[in-house]
Amino acid sequence: MQADAELEVSIDIPEHRKLQVTQGTPDRIFRYIITTGAYFSLAVLAMIAGFLLYRGFQIFSDFGLGFITGAKWDAGSGDETAPAVFGVAAMLVGSLVIAIMAIAIALPFAVISALFLEYYAPLAIRRFLISILDLVAAIPSVIYGIWGYAILMPHVVGWSKSLNSWFGWFPLFDVPAPIFDRSPFVAGVLLALMVLPITTSVAREVYSQAPRDQIDAAYGLGATKWGALRTVVLPFGKSGLIGGAMLGLGRALGETIAVYLVLNLVFKINLQVLASAGGNVASMIATRFGEAGPYELRALMAAGLVLFLLTLVVNALATLIVNRSKVQ
Amino acid sequence: MNFTLASEFESVPHAEPRQPWKNTKLTILRSVFSFTVAAVLAALIAQVTPLAGRLGWFVAMAFTFPAVMAVVAYKRGSRAMADQMVTGIVLIGFTSVMIPWVSIVATVISRGLKAFYVGFLTTDMLVNQPDDPLNMGGVSHAIVGTLIQVLLASVVAVPLGIIAAIYIVEIRGRGAGVVRFFTQAMSGVPSIVAGLFVYATVVVTITHKFNAVAGALALAILMLPTVARTAEEVLKVVSDDLRASSQALGASQVATTFRVVLPTIRSGLITAAVLGVARVAGETAPLLLTSQYFVKFNTNIFDGPMASLPTYIFSSLGVGTDNSVARAWAASAVLLTLIFILFTIARLFGGRNRKSH
Numbered sequence: 028m029q030a031d032a033e034l035e036v037s038i039d040i041p042e043h044r045k046l047q048v049t050q051g052t053p054d055r056i057f058r059y060i061i062t063t064g065a066y067f068s069l070a071v072l073a074m075i076a077g078f079l080l081y082r083g084f085q086i087f088s089d090f091g092l093g094f095i096t097g098a099k100w101d102a103g104s105g106d107e108t109a110p111a112v113f114g115v116a117a118m119l120v121g122s123l124v125i126a127i128m129a130i131a132i133a134l135p136f137a138v139i140s141a142l143f144l145e146y147y148a149p150l151a152i153r154r155f156l157i158s159i160l161d162l163v164a165a166i167p168s169v170i171y172g173i174w175g176y177a178i179l180m181p182h183v184v185g186w187s188k189s190l191n192s193w194f195g196w197f198p199l200f201d202v203p204a205p206i207f208d209r210s211p212f213v214a215g216v217l218l219a220l221m222v223l224p225i226t227t228s229v230a231r232e233v234y235s236q237a238p239r240d241q242i243d244a245a246y247g248l249g250a251t252k253w254g255a256l257r258t259v260v261l262p263f264g265k266s267g268l269i270g271g272a273m274l275g276l277g278r279a280l281g282e283t284i285a286v287y288l289v290l291n292l293v294f295k296i297n298l299q300v301l302a303s304a305g306g307n308v309a310s311m312i313a314t315r316f317g318e319a320g321p322y323e324l325r326a327l328m329a330a331g332l333v334l335f336l337l338t339l340v341v342n343a344l345a346t347l348i349v350n351r352s353k354v355q
Numbered sequence: 002m003n004f005t006l007a008s009e010f011e012s013v014p015h016a017e018p019r020q021p022w023k024n025t026k027l028t029i030l031r032s033v034f035s036f037t038v039a040a041v042l043a044a045l046i047a048q049v050t051p052l053a054g055r056l057g058w059f060v061a062m063a064f065t066f067p068a069v070m071a072v073v074a075y076k077r078g079s080r081a082m083a084d085q086m087v088t089g090i091v092l093i094g095f096t097s098v099m100i101p102w103v104s105i106v107a108t109v110i111s112r113g114l115k116a117f118y119v120g121f122l123t124t125d126m127l128v129n130q131p132d133d134p135l136n137m138g139g140v141s142h143a144i145v146g147t148l149i150q151v152l153l154a155s156v157v158a159v160p161l162g163i164i165a166a167i168y169i170v171e172i173r174g175r176g177a178g179v180v181r182f183f184t185q186a187m188s189g190v191p192s193i194v195a196g197l198f199v200y201a202t203v204v205v206t207i208t209h210k211f212n213a214v215a216g217a218l219a220l221a222i223l224m225l226p227t228v229a230r231t232a233e234e235v236l237k238v239v240s241d242d243l244r245a246s247s248q249a250l251g252a253s254q255v256a257t258t259f260r261v262v263l264p265t266i267r268s269g270l271i272t273a274a275v276l277g278v279a280r281v282a283g284e285t286a287p288l289l290l291t292s293q294y295f296v297k298f299n300t301n302i303f304d305g306p307m308a309s310l311p312t313y314i315f316s317s318l319g320v321g322t323d324n325s326v327a328r329a330w331a332a333s334a335v336l337l338t339l340i341f342i343l344f345t346i347a348r349l350f351g352g353r354n355r356k357s358h
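Protein chains in written order, with the numbering used here: chain A, 28 to 355; chain B, 2 to 358.
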């Protein structure tokens with residue numbers, strides 16, 4: 028007993044001392060300024076919500092829940108014969124359909140690219156490829172849009188025709204008329220390309236943190252590379268991948284110009300993704316903004332608020348998931 | 002006791018960790034062989050089936066390459082076959098991801114060059130219609146407009162972003178987690194919402210006109226998260242020893258931050274700013290709602306719309322004639338070049354690469 032106690036004393040290592048600085052006046056002012064500045068970004072977020080609510084409040088009080096559930100968007104003629112009716116349901120559904128389609132297409136490719144960059148690519152070109160990925164993430168959406176319209180759309184229309192002729196019996200792939208361009212499917216494919224860089228880089232970062240000892244153990248047990256990836260890396264990266272996908276979903280929900288250029292705006296809830304009619308909230312705001320009167324402008328503000336809150340929730344959840352999967 | 006144990010362990014020479022997933026010569030040779038066989042097979046299939054052109058060959062390749070890889074591994078058992086098939090899928094998958102991006106860059110450059118002439122960078126569109134012949138008019142006003150608005154945005158967003166990063170890393174205040182979380186969440190604000198917000202506040206309430214400052218503010222909102230994030234990563238690289246030494250010499254926190262920490266990472270902060278600029282230089286949607294587009298360079302940043310490259314592209318596309326669309330491609334090439342140059346500058350200052358050691 029005595030010996031144990033002595034041993035404990037000898038093991039006792041002094042803790043790293045926490046720095047205690049007595050603050051002078053300059054330091055206090057410095058901290059005050061920096062703290063205020065840092066909270067400014069929070070204030071901006073609050074102000075965005077506040078101002079859009081303030082400007083759009085009249086719409087919410089005029090239409091109530093009907094603004095969310097109604098699909099009709101009509102500025103009316105300004106008198107009693109044709110009153111204005113505003114509802115974002117069609118655009119909201121359109122946003123979700125396009126964004127979910129984009130993620131569904133992008134996710135398998137993101138996983139493959141992340142695995143390639145982290146475990147297959149030769150080390151010599153790995154860094155180069157990763158900076159290429161950062162670079163394409165910065166290609167402006169208007170360039171994605173012009174390319175999507177001129178180059179991508181003819182290809183996608185071809186795929187749409189094949190999908191329609193083989194799976195036309197399935198309600199989602201049915202079309203009322205054989206016009207396939209400027210459809211939600213085209214927008215979805217284009218957005219898949221646009222969210223691929225961010226989803227891939229999140230997935231890659233998570234995969235790179237997979238426990239080395241477990242990978243080595245898998246190899247030691249005779250696993251092939253795929254065996255090690257399947258049993259160690261993929262399960263480890265699952266939650267991070269979900270976070271990355273949601274981050275991509277947030278981007279896809281808010282995309283404006285690219286969608287504007289490749290999608291035919293129609294105010295109707297349309298689930299036939301191959302048909303040439305659809306829309307999303309962001310591109311609808313850009314479309315209507317130019318010709319909107321004062322009352323419709325308020326409706327656009329209200330629509331902006333709905334979009335803002337939707338993307339904020341998706342992004343906050345995604346950030347939480349990604350951060351938590353990094354701590355593990 | 003722990004000390005001696007630890008130091009003894011340090012002195013024992015231990016092997017560098019190996020990378021069992023690294024390719025050996027044999028596996029590379031096998032892949033090259035499989036690739037050749039699959040390429041020939043795919044060409045044959047593309048001849049027989051309706052798949053046409055280079056893309057058709059590639060689609061056929063997506064099936065033949067993993068299949069051939071698996072067949073080559075047949076002798077080594079089913080698990081090796083699965084492994085080789087996945088290798089084939091991963092290689093083909095990554096290549097197919099690169100195709101669209103190569104296509105974007107190639108298309109923008111080749112179509113852009115068609116409408117490009119020397120004067121394109123030095124004239125504006127004041128006396129020309131978008132549909133005029135392609136040796137008249139240009140984007141000088143849009144280039145200057147973009148530069149001005151992006152510069153104004155940086156003046157607002159770069160200090161604020163760095164301040165947020167200093168708060169998170171240097172001060173480590175109680176709200177550090179909250180600030181970090183919300184700056185990250187802010188990066189997801191849709192660009193059109195930033196535009197609407199500035200329109201609702203600045204344009205409607207204060208100036209009653211579209212103007213460049215409003216456009217710059219909208220861009221600043223989108224720029225801030227990128228700057229804050231990069232600056233935070235760079236600040237974290239600074240060793241705590243440096244801060245401790247400075248404080249041990251009796252320096253205050255202000256002096257430590259401004260005379261020790263920030264000068265150490267000057268190049269990293271430049272990277273943060275440049276990445277922020279690259280992020281917003283191509284934004285279209287917020288500018289449509291705030292600074293709009295005008296055919297001539299506007300010298301007053303508080304009054305009247307101002308052109309920018311993205312809105313120039315957008316409005317030329319809107320006109321929709323052959324010549325105006327050609328102009329849009331040329332302007333796209335200019336914009337893409339600008340962004341690639343910015344990216345190269347950011348890489349040269351190399352704030353990110355420091356993370357690796």
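Calculated from the structure, these hints are not laboratory results. Among the clues, some could well be false.
[As the list claims (entries may be wrong)] Chain A is faced by these chain B residues, among others (derived, beta-carbon under 10 Å):
(1) Y118
(2) G120
(3) T124
(4) Y200
(5) I271
(6) A286
(7) L289
(8) S325
These numbers come from a predicted model, not from an experiment. Quick reminder that beta carbons are idealized off the backbone N, C-alpha and C, glycines included.
We went through each hint and held it up to the structure:
Nearest Cβ of chain A to the Cβ of Y118/B: about 20 Å, over the 10 Å cut. The hint is violated. This hint is violated: G120/B has a C-beta 22 Å from the nearest C-beta of chain A, more than the 10 Å allowed. Taking 10 Å as the C-beta contact cut-off toward chain A, the hint placing T124/B at the interface is violated, the least distance being around 22 Å. Evaluation of the Y200/B hint against chain A yields a held restraint, the C-beta minimum of about 8 Å falling below 10 Å.
Below 10 Å, beta-carbon pairs count as interface contacts, and I271/B has none with chain A, the closest being about 16 Å; its hint is therefore violated. For the restraint placing A286/B at the interface with chain A, the shortest Cβ-Cβ distance is roughly 4 Å, inside the 10 Å limit, so the hint holds. At about 6 Å, the closest approach between the beta carbon of L289/B and any beta carbon in chain A falls short of 10 Å, and the interface hint on this residue holds. Residue-level restraint check for S325/B is violated (minimum Cβ-Cβ distance to chain A is 12 Å; threshold 10 Å).
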